[in-house]
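> Order-wise, the sequence lines are chains A and B. Taking full-length UniProt numbering, the leading residue of the first sequence gets 1, the next gets one more, and so forth. Taking full-length UniProt numbering, the leading residue of the second sequence gets 1, the next gets one more, and so forth.
Honestly, the hints are just simulated from the structure, not real lab data. Treat the numbers as computed from the prediction; the structure is a model and nothing was measured. Heads up, the beta-carbon is just placed ideally off N, CA and C, and yes, glycines get one too. The reader is advised that the hints may include incorrect statements.
Claimed, not checked - Under the rule of at most 20 Å between Cα atoms (straight-line distance), these lysine to aspartate or glutamate pairs were calculated in the EDC-like manner:
no. : chain 1 : residue 1 : chain 2 : residue 2
1   : A       : Lys248    : A       : Asp217
2   : A       : Lys320    : B       : Asp202
3   : A       : Lys320    : B       : Asp171
4   : B       : Lys320    : A       : Asp171
Unchecked claim - Here are the in silico distance ranges between beta carbons for each label pair:
no. : chain 1 : residue 1 : chain 2 : residue 2 : range
5   : A       : Asp35     : B       : Glu409    : 45 to 55 Å
6   : A       : Thr42     : B       : Ala566    : 14 to 24 Å
7   : B       : Phe203    : A       : Asp331    : 42 to 52 Å
Claimed, not checked - Quick look at which bits of chain A chain B covers, simulated, 3 or more residues with Cβ under 8 Å:
no. : stretch
8   : 163-169
9   : 415-423
10  : 488-499
Protein chains: 2
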Amino acid sequence: MPYRAPVSDYEFLLRHVVGFDQVAATDRFSEASADMVSAILTEAGKMSEEVMAPLQRDGDLHPAWLENGVLRTSPGYSAGWKAIAEGGWIGMSGNPEYGGMGLPMTLATSVNEMMAAACLSLQLAPLMSQGQIEALDHHASDELKDLYLPKLISGEWAGTMNLTEPQAGSDVGALSSKAEANGDGTYAVTGQKIFISWGDNDFTENVCHLVLARLPDGVPGTKGISLFLVPKRLPDENGNAGVANSLKVVSLEHKMGLHGSPTCVMQYDGATGWLVGKEHGGMAAMFTMMNNARLGVGGQGVGQAEGAYQQALSYALERKQGNTPGGTIIDHADVRRMLTTMKADLFAARAIMLACAVAIDMQTATNDADWAARAALLTPIAKAFGTDVGIAVAETGVQVHGGMGFIEETGAAQFSRDVRVTAIYEGTNGIQAMDLVARKMMDGGDAALRLLDEIEGDAERARASNPAMAEAVWQATESLRESTEWMLAQGDMNDRFAGAVPYLRAFARVLGAHFHLAAAQSDKGGARERLARFYITRMLPEHASLLAQAQCGAEGLFALSADDLAA
Amino acid sequence: MPYRAPVSDYEFLLRHVVGFDQVAATDRFSEASADMVSAILTEAGKMSEEVMAPLQRDGDLHPAWLENGVLRTSPGYSAGWKAIAEGGWIGMSGNPEYGGMGLPMTLATSVNEMMAAACLSLQLAPLMSQGQIEALDHHASDELKDLYLPKLISGEWAGTMNLTEPQAGSDVGALSSKAEANGDGTYAVTGQKIFISWGDNDFTENVCHLVLARLPDGVPGTKGISLFLVPKRLPDENGNAGVANSLKVVSLEHKMGLHGSPTCVMQYDGATGWLVGKEHGGMAAMFTMMNNARLGVGGQGVGQAEGAYQQALSYALERKQGNTPGGTIIDHADVRRMLTTMKADLFAARAIMLACAVAIDMQTATNDADWAARAALLTPIAKAFGTDVGIAVAETGVQVHGGMGFIEETGAAQFSRDVRVTAIYEGTNGIQAMDLVARKMMDGGDAALRLLDEIEGDAERARASNPAMAEAVWQATESLRESTEWMLAQGDMNDRFAGAVPYLRAFARVLGAHFHLAAAQSDKGGARERLARFYITRMLPEHASLLAQAQCGAEGLFALSADDLAA
């Protein structure tokens, strides 16, 4: 079943649900008219359908491999990358000074989601470049920007992120990679990095690594870390890729999925690098890149959910079973339940993702601190819920296929294997939840409570036309408010962390209901109103048990010792 | 991390939670003393640890394959099968007249669970034989029993189940395989069957297929289906495997997991078979086999949950990350939450599985209709919840491993890929749920409501020592009773089916709480009481949102048409 880009869904969401009109009304993004949005989405959708979707299974069957130390990519991926680059999709939201389109993140996020739906393992390559482009644009010197940004934006060169080290894992501050000044303005970077997505390829002239390392006078922990740009090939006097740098791909991981994306162990042996941002200021620069990437990974989850949903729906519409006259398995109540649940969750996750992107655009356009706080608040929710939905929808997609779901040829299993990593990389979903209840509540809960006020206000206004749904959304929001206040009252962070994951999920459930209600208001008597009713009646109630768990605190959790768990 | 058989967990559950003393008190199973139970579990555990666990990864890396039409199994599987056979584990609950041990199903289920934890793909082979042994014992002629049962029980020969056909899927009644009398008491069986687990092997002299097919005068649907025993090699005059029958393995499936288990497309071309049971009475015989297999598949889920839990726990206990002095990631609240959730769910699923087995044993020993109804009621719950827990625990196990979870070498991903099929085969979990709310409530809900009475009675008795937990269990049971009565009141089966899956899950949540409370009562101040409190406080509340969904009916579900879903 070929992938169909859900262009009209984006258009509906932008217009009626996530308030994109505010973005288009700013000077910064005044070009983003409805016609332009439609043209961009249609064009990117076409490329995703025609160029990328056919590569999805090839990448799974023919993973990237190392041939005498040279990385070879899956068949067709080189042409796929070129199509993405030539469409301008890598530099969509990039700075026009360097060849970018300067479009809103909301549009870039939509396009990224379509590419991720069509071929996740290839889409990860431009996503990594986009993060690097944004980090350099915000933190690099003009010299570095002039040299690197045009080539990254055009796709002549590609970018990667190098954070993880074997002993450090999620504790980035424990890294041991080192950098020393060479005396000529460059640095010698030495160390080993693991889990480097697209650490190399055979279709760009150069691969540019952003590497976290510690200078000799760097203090232990995150405050002693600096960020370096370390290219595979050193630029020559004309700024072209020249001689090889002292770095290499040591090996590739053998993964559960995402086979088309090479996951590299990278070795740096005194490789020449350039400082990005200030000495010991690497984490700030890295966070720019990570926040971008976190929303992007949330979008990967949403995209995979769309792909898996389309495939399962297509199967259910076509699969005749036994003697049911004329019917297919979509007429079974439980198959219908699965598909409708998938669609309702997909809508919720996509709306949250786009609302986060809108907040980022408003922050960019207005420099307003409230929008910045809104973007920061929604990022971990968009990442964790988007990927959780991706995994759940892909899983359910397998189930809709019955026995055929377990057979690789159908492709249903591949969605499930590929999307699984999205809940792990760019900060596990547990880390996203901890970020939500700790760092994102350092404002005393202002950003969260302000959002809940808005949701309740919208629910109040919806009472006239949709009283039952409005009341359910209002009540659930009140419960979330109480839970938020409980979180804020906990001085011991472990009491928050013990319930962070269910709290985040409940927050997403309420946000999803809010956006479904908005959709219902704009589609009276239509399918979107019926889908909203399904979600609010059947799926929103989950928030109550999640919030019960969120407020249990750490005591009962740690009452079971490690010995108890092992007994 | 090597697998350790949880022998003491079984002993605790049998003694304090699921009432195995009733089984041991019957004449039929009077040999099952505590010492004997302990000896059996210890011996089977040792075999699982030492022989089977080392094969788990080999089977994944080196799947069974067809070599010029001859099926070759994964390295070591032949020796593994012999160890299982020689231990007597295939015929544990088999009729002693034919060489079986005649032990309670409760013990066989425990042993099967250990074998499934250690190496799921190999364990599936004896599980298939066990189903065939039981079906033949109940339905075959004495001649067939005398010839086949000793060899199946000893493991000289193996057995399979042949239900599924490409066009029929879950609708068994739509099958098109045919059988015609040969005039000599045998039948010629012709047709194609798919998804035949262990349809062949290279370590038994013969493979015996139970095949569903329709006689010329068989009416359409399930009432016209007969069951035939069709061996790969026809028995010679001495009852040994003789000349080849007219059947073959056409191809093997390429699956997401369970690579060590060959999943065959089987072709029968006028193959010689013998009728099992009455003409057109095939479904009754098949149900004997399927009910056995459904509990067994539930046990596969529980076993895989145990294996995945042990591996994740071991990783969390050993994995140091960054600068945490002395600590490992098990000290993180969210890692602790994941592991404790896994353990609590595993306990619940295992208790439900064993309670179902106890009911089967009591039915066997007493012929009491109430026990038969209890076994019938619990079977779909044990199957669906056991496998759902297997999948969820394996998934969470991947997450506990962080980035390493996505790397195949750790084995965490294999649990997740292997166990996935258990929610699909032997009747999808959706079909189990439909069975629960339809067929298993044809008694007007007597069996279900009687069980709820017992749970409430136990909760009442627990109030004195555990008032808060007892109240929570009592209240949840009341909610489940209301929901059960709602189900019973629905005349249109689609209204039941629309909420069948959440209803089954809520039922399992309540049963799990009931068994956790029993464990708490027997372990005052101990780790099992703390685990019960965790489950009842944090996980039981889920029943409320599940029951809300269970009682929504079909109207809102079918309000979204197939066109709406595709829009």
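> For each hint, tell me whether it holds in the structure or not.
Here's how the hints hold up against the structure:
no. : hint                               : verdict
1   : Lys248(A) to Asp217(A)             : violated, 27 Å
2   : Lys320(A) to Asp202(B)             : violated, 36 Å
3   : Lys320(A) to Asp171(B)             : holds, 10 Å
4   : Lys320(B) to Asp171(A)             : holds, 10 Å
5   : Asp35(A) to Glu409(B): 45 to 55 Å  : holds, 51 Å
6   : Thr42(A) to Ala566(B): 14 to 24 Å  : holds, 19 Å
7   : Phe203(B) to Asp331(A): 42 to 52 Å : holds, 44 Å
8   : 163-169                            : holds (count 4)
9   : 415-423                            : holds (count 5)
10  : 488-499                            : holds (count 3)
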